[in-house]
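Undergrad: Let chain A serve as the given structure and place chain B on it in line with the hints.
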Amino acid sequence: MKYSTTKLSRLAAIRIRKDEEDLIRKKLEALEELLSRLDSVEVPKEAFVLAPEGYHEREDVPVQFESDEVLKTFNSVKDRYVKGPRTL
Amino acid sequence: MNLKGRSFLTILRDVERGSISPDDVNEYYYRNALALNNTINAYITLIKPQQSSSDGPLRGIGIAVKDNISTRGIRTTCASRMLENYVPPYDATAVERLKNNGGSILGKTNMDEFAMGSSGENSAFGPTRNPINTDYVPGGSSSGSAAAVAAEMAPIALGSDTGGSIRAPASFTGTVGFKPSYGAVSRYGLIAYANSLEVIGVISKTVKDAELLFKMIAGRDLRDSTSFNVDLTSRDVGRPRILVLRSFVRMADERVQKVFYDSISKLERAGFIFDYLDEFREIDYVLSSYYTIACAEASTNLSRYDGIRYGPRLDVAGNWRSYIEAARGFFGSEVKARIMMGTFILSAGYYETYYLKALQIRKEIRAEFERIMKGYDAVYIPTMPVLPWKIGEGIRDPKMAYAADVLTVLPNLTGSPAISIPVGKSGEFFVGGQFIGLRGDDMKIISIASEAENALEVVRHE
Numbered sequence: 060m061k062y063s064t065t066k067l068s069r070l071a072a073i074r075i076r077k078d079e080e081d082l083i084r085k086k087l088e089a090l091e092e093l094l095s096r097l098d099s100v101e102v103p104k105e106a107f108v109l110a111p112e113g114y115h116e117r118e119d120v121p122v123q124f125e126s127d128e129v130l131k132t133f134n135s136v137k138d139r140y141v142k143g144p145r146t147l
Numbered sequence: 500m501n502l503k504g505r506s507f508l509t510i511l512r513d514v515e516r517g518s519i520s521p522d523d524v525n526e527y528y529y530r531n532a533l534a535l536n537n538t539i540n541a542y543i544t545l546i547k548p549q550q551s552s553s554d555g556p557l558r559g560i561g562i563a564v565k566d567n568i569s570t571r572g573i574r575t576t577c578a579s580r581m582l583e584n585y586v587p588p589y590d591a592t593a594v595e596r597l598k599n600n601g602g603s604i605l606g607k608t609n610m611d612e613f614a615m616g617s618s619g620e621n622s623a624f625g626p627t628r629n630p631i632n633t634d635y636v637p638g639g640s641s642s643g644s645a646a647a648v649a650a651e652m653a654p655i656a657l658g659s660d661t662g663g664s665i666r667a668p669a670s671f672t673g674t675v676g677f678k679p680s681y682g683a684v685s686r687y688g689l690i691a692y693a694n695s696l697e698v699i700g701v702i703s704k705t706v707k708d709a710e711l712l713f714k715m716i717a718g719r720d721l722r723d724s725t726s727f728n729v730d731l732t733s734r735d736v737g738r739p740r741i742l743v744l745r746s747f748v749r750m751a752d753e754r755v756q757k758v759f760y761d762s763i764s765k766l767e768r769a770g771f772i773f774d775y776l777d778e779f780r781e782i783d784y785v786l787s788s789y790y791t792i793a794c795a796e797a798s799t800n801l802s803r804y805d806g807i808r809y810g811p812r813l814d815v816a817g818n819w820r821s822y823i824e825a826a827r828g829f830f831g832s833e834v835k836a837r838i839m840m841g842t843f844i845l846s847a848g849y850y851e852t853y854y855l856k857a858l859q860i861r862k863e864i865r866a867e868f869e870r871i872m873k874g875y876d877a878v879y880i881p882t883m884p885v886l887p888w889k890i891g892e893g894i895r896d897p898k899m900a901y902a903a904d905v906l907t908v909l910p911n912l913t914g915s916p917a918i919s920i921p922v923g924k925s926g927e928f929f930v931g932g933q934f935i936g937l938r939g940d941d942m943k944i945i946s947i948a949s950e951a952e953n954a955l956e957v958v959r960h961e
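Protein chains in written order, with the working numbering: chain A, 60 to 147; chain B, 500 to 961.
Hints are computed from structural coordinates only; laboratory data are not their basis. Any given hint could be a false lead.
Stretch by stretch, here's where chain A covers chain B in the computed footprint (C-beta under 8 Å, at least three residues) [to be verified]:
| id | segment |
| --- | --- |
| 1 | 653-664 |
| 2 | 756-762 |
| 3 | 787-799 |
| 4 | 819-826 |
| 5 | 857-864 |
| 6 | 928-934 |
The calculated lysine-lysine pairs, modelled on BS3-like cross-linking and capped at a C-alpha distance of 30 Å, are [unchecked claim]:
| id | chain 1 | residue 1 | chain 2 | residue 2 |
| --- | --- | --- | --- | --- |
| 7 | A | K77 | B | K898 |
| 8 | B | K889 | B | K862 |
| 9 | B | K503 | B | K889 |
| 10 | B | K598 | B | K714 |
| 11 | A | K85 | B | K889 |
| 12 | B | K598 | B | K547 |
| 13 | B | K898 | A | K66 |
| 14 | A | K77 | B | K924 |
| 15 | A | K85 | A | K66 |
| 16 | B | K598 | A | K131 |
| 17 | B | K757 | B | K714 |
| 18 | A | K131 | B | K503 |
| 19 | B | K873 | B | K714 |
| 20 | B | K707 | B | K765 |
| 21 | A | K66 | A | K77 |
| 22 | B | K503 | B | K707 |
| 23 | B | K547 | A | K85 |
| 24 | B | K547 | B | K714 |
This one's a predicted model, so the numbers in the text were calculated from it and none came from an experiment. Even for Gly, the Cβ is constructed at its ideal location relative to N, Cα and C.
Chain B on its own, in the form it takes in the complex:
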């Protein structure tokens, strides 16, 4: 059986009709994953499929889950030596809801350690490789989830997005990456990095696939007080009115800009209406504000990894301090740097200098975004400012790696939904474009992206 290029939705329809069995589907992706994982390194843990007996809409079909989302009885490492052998005793709400809909878990996917990174290079289990060209990064931090979907190692996957971690790898691998509104999907069971920014979302082959899974995992959860019931009714926006933020587009390299503007011409022919905004007042502070908040929250969240509450039990001579320092030495260098910076930001005298200012700017960015969105259905900008880089370059040049987040952090600061779809190609690689909406307008953004996907036809799926 060959399911290459098949969307999750068409596979489910065929299973429904009885022309293929869920076990065949699981076997197909499991075999592909086994065959390709030594090259792509998309999975940290792969689960041998069991005989499927589910009546739910997902029919027991296996879904790849990022390794920072808790799965009962299945190792969840966050791609860190710190949690190398951690087995959660409970499921994240998103996983529980998938299981309630008849889904199963195909495996736990590789990622940047504790979701810190935008390339997939910062994993304790080795970098994930881009299926398009394995010398290049697939984007991160949900690198394994995107690579698995792109390389036919999974039909669909869950990821998490703190500053672009779903959309960046979707852009680099030619897949669809949907980051829901903050709170639209419960964070219960998502191992925390930066609570006020992160959300669980979907990486898939098509927008319709992402919509299907999103509807299953979305909704208020009593175990996450920031969650809410997002409107899940389908929206037809007719001829969508789209605002292009030129100041963001200018940050992308020329190849990306060319593909991006070509996509606008095609979308205009399909009935989209575009307007342009030259300046976004807070643009110079978007990245600074994001990294200040993310590092500060990381230093607090990751304080639990001390070898006592979580982390390795060690045999260390000396006092408690040397014990904790040794246990926290199990973090990788990226995580260490962000915790150290976060600790500095939150220390006496610097809290006001950096953290409070970053919060203030976040407030202004949100107000500015709501102001410019008046009269428009969505904002449209490229997903990544560059094409994928060679594995290792992001480690050698951290400035370049941090700057690559400049186009993706805006929706995380505002809590908006955003979806990245392939909008063209430059050489062998895809270029992603993202539609961003107001918080709660998830279905509107999905509807617009679906229309754009049909009009552009960059990747054809059955």
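Just chain A, same shape as in the assembly:
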């Protein structure tokens, strides 16, 4: 890997705790090993995009969120879920 775990975490703007450093390094090494199999492949001239099944022109008017509606939904349920990770 060209970059260290610390450098990559800066690049991705992610803080890593001391206790997870080793685990993340191991995961990155495993992923890098998979990526290295691509070394023997030639760089293509054009990118590939999985085309949608036919071209669909949008017929509707994009739906706008109504902020009052959103707040009403949130306020009606917020107390059920903010008290911890488990509801059970």
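TA: Positioned in the frame of chain A, the structure of chain B alone reads:
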């Protein structure tokens, strides 16, 4: 009332006849879920059933929904501390369509955080456990959905499949897992991990159950431009012509191979016609291509979790960078590693080295798959190369965990439909086999899997 072993379809028939009420059904699964969840940890959020009053075909019966599918007014966490208290203001199209058919939501199921993982071990709310033996993983990332169906905590469930996330847990828990063609089901409301690979699908006890729910959620949606109207007419393929990819089968361990080849003998006796292909040209690159694309898309999709747009609001001294870094520290280690790798892959100088090459290989894999499928109805390979491992082993050995995806990522790269059914047992665990078809041939694959299920009779459901 005991509904143990009953398929969703037979339950619906009994409700239709009036011999059981939808409220009894909901109460049965809710009580089971309450009793077993401390052990299995299949649900992150369980909803107390309300009095059912629906006239739709689903009659108000509760369905388990993976926790990365948006549900209006119900917490949707993606099994992450990042979205611990996130309550979506809208329903995903798949959920909306279930509700329009009279369905309700039984609860939100546990999963690998942001659907990254194939074991169910990477959840901020603790690992899901395999109902067959709770020391072992149930497979992932739709771990809770599969465990809930297998443990009678739900009659049927929705999951999502990015690289095998529906089929892997189906294989490990002895359930049926159907991954539709890419675009056959709208992704609107599915919290994005890798957009070009993922799709919403079904985990159920039988193939017919999966077909029923799939038909309800499938179809074009104006809010997802990649969605299309897949052909939903039932297909009778007569004696199906099946191609076995030996190079994939060889990657499975001996126990899995034995059960798999035994299933072929039984299916041949039932009229299936098998041919064998020894080499698949791109096999060495399938996993590399998948992980390159998935990590790159993940790093882009998950950039919205910065503590401003989504994620926890923090009180952090310093500048914006330290604020965002602290907020993104709420991800688990698997998610962090994949975002970091994705950022690296997309950085200047490495985009061509990895990302463009992976896209090129994906194109070749798709062309190769279409070429070998000529004259055949489906490809048949094992779903997982190994049997379930003990909880914790996947975390300690990430190479093993990533390699376990080798047989499931092919349909995600090609956009094909694939369905995993139990095809035999090895010791106490089930072995899954998957049928894969051409994109759009969803009903053909379902029909073949249904015939295979009847011929093999690995799990008997009423």
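Undergrad: All the hints need checking, so say for each whether the structure fits it.
TA: For each hint, the structure was consulted:
| no. | hint | result |
| --- | --- | --- |
| 1 | 653-664 | violated (count 0) |
| 2 | 756-762 | violated (count 0) |
| 3 | 787-799 | holds (count 6) |
| 4 | 819-826 | holds (count 4) |
| 5 | 857-864 | holds (count 6) |
| 6 | 928-934 | violated (count 0) |
| 7 | A:K77 to B:K898 | holds, 22 Å |
| 8 | B:K889 to B:K862 | violated, 36 Å |
| 9 | B:K503 to B:K889 | holds, 27 Å |
| 10 | B:K598 to B:K714 | holds, 14 Å |
| 11 | A:K85 to B:K889 | holds, 19 Å |
| 12 | B:K598 to B:K547 | holds, 17 Å |
| 13 | B:K898 to A:K66 | holds, 22 Å |
| 14 | A:K77 to B:K924 | violated, 42 Å |
| 15 | A:K85 to A:K66 | holds, 15 Å |
| 16 | B:K598 to A:K131 | holds, 20 Å |
| 17 | B:K757 to B:K714 | violated, 34 Å |
| 18 | A:K131 to B:K503 | violated, 40 Å |
| 19 | B:K873 to B:K714 | holds, 27 Å |
| 20 | B:K707 to B:K765 | holds, 21 Å |
| 21 | A:K66 to A:K77 | holds, 15 Å |
| 22 | B:K503 to B:K707 | holds, 17 Å |
| 23 | B:K547 to A:K85 | violated, 42 Å |
| 24 | B:K547 to B:K714 | holds, 27 Å |
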